[in-house]
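Q: Using the hints, position chain B against chain A.
Residue numbers (this note's numbering), protein chains in the order written: chain A, 106 to 829; chain B, 22 to 117.
One or more of the hints may lead you astray.
[Unchecked claim] To be clear about the criterion: a stretch of chain B counts as covered by chain A if any three or more of its residues have a C-beta under 8 angstroms from a C-beta of chain A, and this derived list gives those stretches: (1) 22-32; (2) 64-75; (3) 81-88; (4) 105-117.
[Stated by the list, open to error] DSS-like mimics (lysine-lysine), calculated; alpha carbons at most 27 angstroms apart, straight line: (5) A:438 with B:76; (6) B:108 with A:330; (7) A:363 with B:24.
[Unchecked claim] Sample of chain B residues at the chain A side, in silico, Cβ under 10 angstroms: (8) 37; (9) 78; (10) 91.
Because the hints were derived from the structure by calculation, they are not lab data.
These numbers were taken from a predicted model, which means no experiment stands behind them.
Glycine is no exception: its CB is placed at the ideal position from the N, C-alpha and C atoms.
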Amino acid sequence: MAKKRKKFQKSQLLSVFANGNYQKVISKIKQFEIDGMDEDELLKIQLTSYEKLVEENFQGGDIARAIRDIESLISISDSIEYRLKKLKYLCYIEYFADAVVFAEELILSKNQKIKKESIFFYLLAQLYIGNYEIEPKQLKLLSATRQNYILAMRELFGEDKERALVYLESCKPRAKVEKENIKAIKSLILNQEMHCSQTLKPLYRFLLCMDSDGLQNTKNSRIIKKELTAQFATNKKERDMNRLISLEGTAPIESILKSTSNKKEQTKLIYNNIVLVMKKEKDPRRALELFVKYRSDLLELVESAILYINIDRWLDDMHNDKIIMPFFSSYLKLHHHKLSPFQLDYIFFFLLTQRKAPKYIALIEEYGGGDAVFLMIGISLINSAESNDQETFERVFRKYSQVKQMMTKQTIEQIKSIDHLYDELDPNGEKISQDIIYFTSILLANLEKPHKGYKKILFELLSTLALVCQSLDLKKEQKIYTQLSKSINRLIEYYAVPRVELSIDIKALFVSIDQKKRIKLSILSDMYGGHASDTEDRYNFNEMEYDILYIEKDFIDALIERKRDPFTILKRLKSYRYNNKIFKLILNLIVKTIEVDRYSDSFMDDLLDSTSITLSDEYIRGRLLSEVKDYASSDPNTALIFLRYAIDSVSPTHREYLWYLKWIVTYIDLIDTHKISDDRDFDRYLQLYLQIQNKKKFKSQKATLERFMGQFARQIKIQGGLFD
Amino acid sequence: MIKRSPYDILRLEGDFNFKDIKKAYREAIREYPPEQNPDRFVMISDAYDRLTNEKYFVQDIESMYFALDVSSLPEGREVVDNSKHLKEIFEVPFII
Numbered sequence: 106m107a108k109k110r111k112k113f114q115k116s117q118l119l120s121v122f123a124n125g126n127y128q129k130v131i132s133k134i135k136q137f138e139i140d141g142m143d144e145d146e147l148l149k150i151q152l153t154s155y156e157k158l159v160e161e162n163f164q165g166g167d168i169a170r171a172i173r174d175i176e177s178l179i180s181i182s183d184s185i186e187y188r189l190k191k192l193k194y195l196c197y198i199e200y201f202a203d204a205v206v207f208a209e210e211l212i213l214s215k216n217q218k219i220k221k222e223s224i225f226f227y228l229l230a231q232l233y234i235g236n237y238e239i240e241p242k243q244l245k246l247l248s249a250t251r252q253n254y255i256l257a258m259r260e261l262f263g264e265d266k267e268r269a270l271v272y273l274e275s276c277k278p279r280a281k282v283e284k285e286n287i288k289a290i291k292s293l294i295l296n297q298e299m300h301c302s303q304t305l306k307p308l309y310r311f312l313l314c315m316d317s318d319g320l321q322n323t324k325n326s327r328i329i330k331k332e333l334t335a336q337f338a339t340n341k342k343e344r345d346m347n348r349l350i351s352l353e354g355t356a357p358i359e360s361i362l363k364s365t366s367n368k369k370e371q372t373k374l375i376y377n378n379i380v381l382v383m384k385k386e387k388d389p390r391r392a393l394e395l396f397v398k399y400r401s402d403l404l405e406l407v408e409s410a411i412l413y414i415n416i417d418r419w420l421d422d423m424h425n426d427k428i429i430m431p432f433f434s435s436y437l438k439l440h441h442h443k444l445s446p447f448q449l450d451y452i453f454f455f456l457l458t459q460r461k462a463p464k465y466i467a468l469i470e471e472y473g474g475g476d477a478v479f480l481m482i483g484i485s486l487i488n489s490a491e492s493n494d495q496e497t498f499e500r501v502f503r504k505y506s507q508v509k510q511m512m513t514k515q516t517i518e519q520i521k522s523i524d525h526l527y528d529e530l531d532p533n534g535e536k537i538s539q540d541i542i543y544f545t546s547i548l549l550a551n552l553e554k555p556h557k558g559y560k561k562i563l564f565e566l567l568s569t570l571a572l573v574c575q576s577l578d579l580k581k582e583q584k585i586y587t588q589l590s591k592s593i594n595r596l597i598e599y600y601a602v603p604r605v606e607l608s609i610d611i612k613a614l615f616v617s618i619d620q621k622k623r624i625k626l627s628i629l630s631d632m633y634g635g636h637a638s639d640t641e642d643r644y645n646f647n648e649m650e651y652d653i654l655y656i657e658k659d660f661i662d663a664l665i666e667r668k669r670d671p672f673t674i675l676k677r678l679k680s681y682r683y684n685n686k687i688f689k690l691i692l693n694l695i696v697k698t699i700e701v702d703r704y705s706d707s708f709m710d711d712l713l714d715s716t717s718i719t720l721s722d723e724y725i726r727g728r729l730l731s732e733v734k735d736y737a738s739s740d741p742n743t744a745l746i747f748l749r750y751a752i753d754s755v756s757p758t759h760r761e762y763l764w765y766l767k768w769i770v771t772y773i774d775l776i777d778t779h780k781i782s783d784d785r786d787f788d789r790y791l792q793l794y795l796q797i798q799n800k801k802k803f804k805s806q807k808a809t810l811e812r813f814m815g816q817f818a819r820q821i822k823i824q825g826g827l828f829d
Numbered sequence: 022m023i024k025r026s027p028y029d030i031l032r033l034e035g036d037f038n039f040k041d042i043k044k045a046y047r048e049a050i051r052e053y054p055p056e057q058n059p060d061r062f063v064m065i066s067d068a069y070d071r072l073t074n075e076k077y078f079v080q081d082i083e084s085m086y087f088a089l090d091v092s093s094l095p096e097g098r099e100v101v102d103n104s105k106h107l108k109e110i111f112e113v114p115f116i117i
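Looking at chain A on its own, in the form it has when it is part of the complex (with noise of 0.2 angstroms):
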């Protein structure tokens, strides 16, 4: 009696279908009786999942179980679409002989499309096991398409590539995968480059891209597979090389070792290789890594200097003097002479920047550094003014050369550091400190022909000693004080330089002197990141007065030297007609003028014009009474000539205006308060403004009207009696 097989629930075998675990299926129904299945249910479950199993596997590539799997099915239920499948199957497996003998009977099918499906693979079989013979009656009943393709396998078998690109291009497939498949095949054929998209199918992936995704398993494509895994290594390698020679991109160290044994060659490709590093890649860090490990083959290029300080540029925390030492002072040994003074400068400049060990100063000056050694150390150690010093000093700045500015730069910086940190010296700082000061400032103060160039840069530095000068106490340094004012004004007189264009920290210095104490800087604002350098909060002073005095100082000279044109001076004060002090400077320069008998009529038009002040501006009309009144207290004859000029200066057509008459308002009661007797203007004031007030009537004159009335009575009584 045969032993009972084992059940299974059909729930259970459902859920496992559900799951996707068609294997697991087909191993359940070989081995249990489904418990509540029928026989067609159970038929039908395991044709869908042998289906299944047979897609993913041909799909995955696994093309031996795909062709296992589609035996079982056709044992299951032989349909002649399975067949079919299976012949497709035995070509992709390569048993050619087996699909042209299968096919044999499939294409006596009178299914129309089984017969094409058939003869098109059977036609493919027999071009694979070497059959070049086609049957033209069989091809024919292929699509045009599907002719073309096996004519162009025909004449790529027969290793004729034209033709069978000729072919190629009468394959016409509608379908865009299938086009893309056509251009894949013929991108092979030309050996050209093609973007590999996944719809590709697997071998021509593979072909193109080494992606082997989906490529079936069989005994051919695992050689192929591993002869092009080789292939490819050298062919990106090439690549590699190739994208490096055309500075398109990097490539690796061993690609360039191995590309060429000629040593020159190989270093210049590393040298390419690390510029790329830095100019594609912006990786510095690796480009320093690669320097580093060939630098002894870098050394040999005169190039290899300014790649190092460009990528050291970028690695603040990376600094080895232990390779820079080294590097720099073979490389100076071997190139020194074929480079610029300037180059060589920059060379110092940046081995100075960083470091400043004994080693690297007598390394530059073994070069002829001297002066760069001078400039961005000997400064900030010195403590006497020798005349060697003053020497080089005098070579530096005669000279004019952007690198020995930009030491000079650096060293600024350096001085500027001791105005945060000259509280917290001890005495000794405080000394070296002072010396700087005192020390440079004679060396600048005796500098004979500084280069013209120079010019912003040696006052950036007489700022920062201006700036440090002022942590010094100004009784104690007073010695230092007035040495560094002598060194300021000696290059304000070399240079012309207006006093107005000073740095603040120099008119404070000047402003410092004058008063005899120290105008303290506000520090608090550097401690917590003001700006206060920029602003005019770093001293309590103000600057604009300080410049508006200087101003009317040097006009005055000008007007009294009358070599120069004083309104040019003028011009300076542009940025100031808004400041309060304006009308203040305007009127002293009209006393002035008057003084040195260069008062003219014109001269009123000229100050104006040359200050961009118009008194039409309203802001300036605002402020005018009020600055004429405070002014005439002291001095009311001037502060009537101006008041005179503004209301003159009032076209006719313009006059009717409240404002307007409070300017003659303002004229006549100066007059009369200052008991001014012989006006020639007074009594022709008093009449434009009747006119005008008689005409408005404006209500807020009605009073002035009848006071004026009373108070004048007699002048108006003379001047026919204008008003009704």
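A: Okay, now just chain B, sitting in the frame of chain A:
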């Protein structure tokens, strides 16, 4: 764009001297007269200026990287033909 090394442009090789730069510049111009080779002249002049004129040297030195001239192709390069494998592994371009 990465510029060519000015030394390469002026063909300065081996143990030359700073003074040789001028000589190399003159030779380059003689070989490539400016009126016949305006583009090349610009390149030669730029190279010369970078090596001898501080203003040119400093203007962009911090961002300037030069590439050196190297031979055009690596040694032993082979042309690879992958189309032969189309005959060894079966595939069809059509949806099947």
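Q: State for each hint whether it applies.
A: Verification of the supplied hints:
no.: 1; hint: 22-32; in the structure: holds (count 3)
no.: 2; hint: 64-75; in the structure: holds (count 3)
no.: 3; hint: 81-88; in the structure: holds (count 7)
no.: 4; hint: 105-117; in the structure: holds (count 12)
no.: 5; hint: A:438 with B:76; in the structure: 26 angstroms, holds
no.: 6; hint: B:108 with A:330; in the structure: 14 angstroms, holds
no.: 7; hint: A:363 with B:24; in the structure: 26 angstroms, holds
no.: 8; hint: 37; in the structure: 6 angstroms, holds
no.: 9; hint: 78; in the structure: 6 angstroms, holds
no.: 10; hint: 91; in the structure: 5 angstroms, holds
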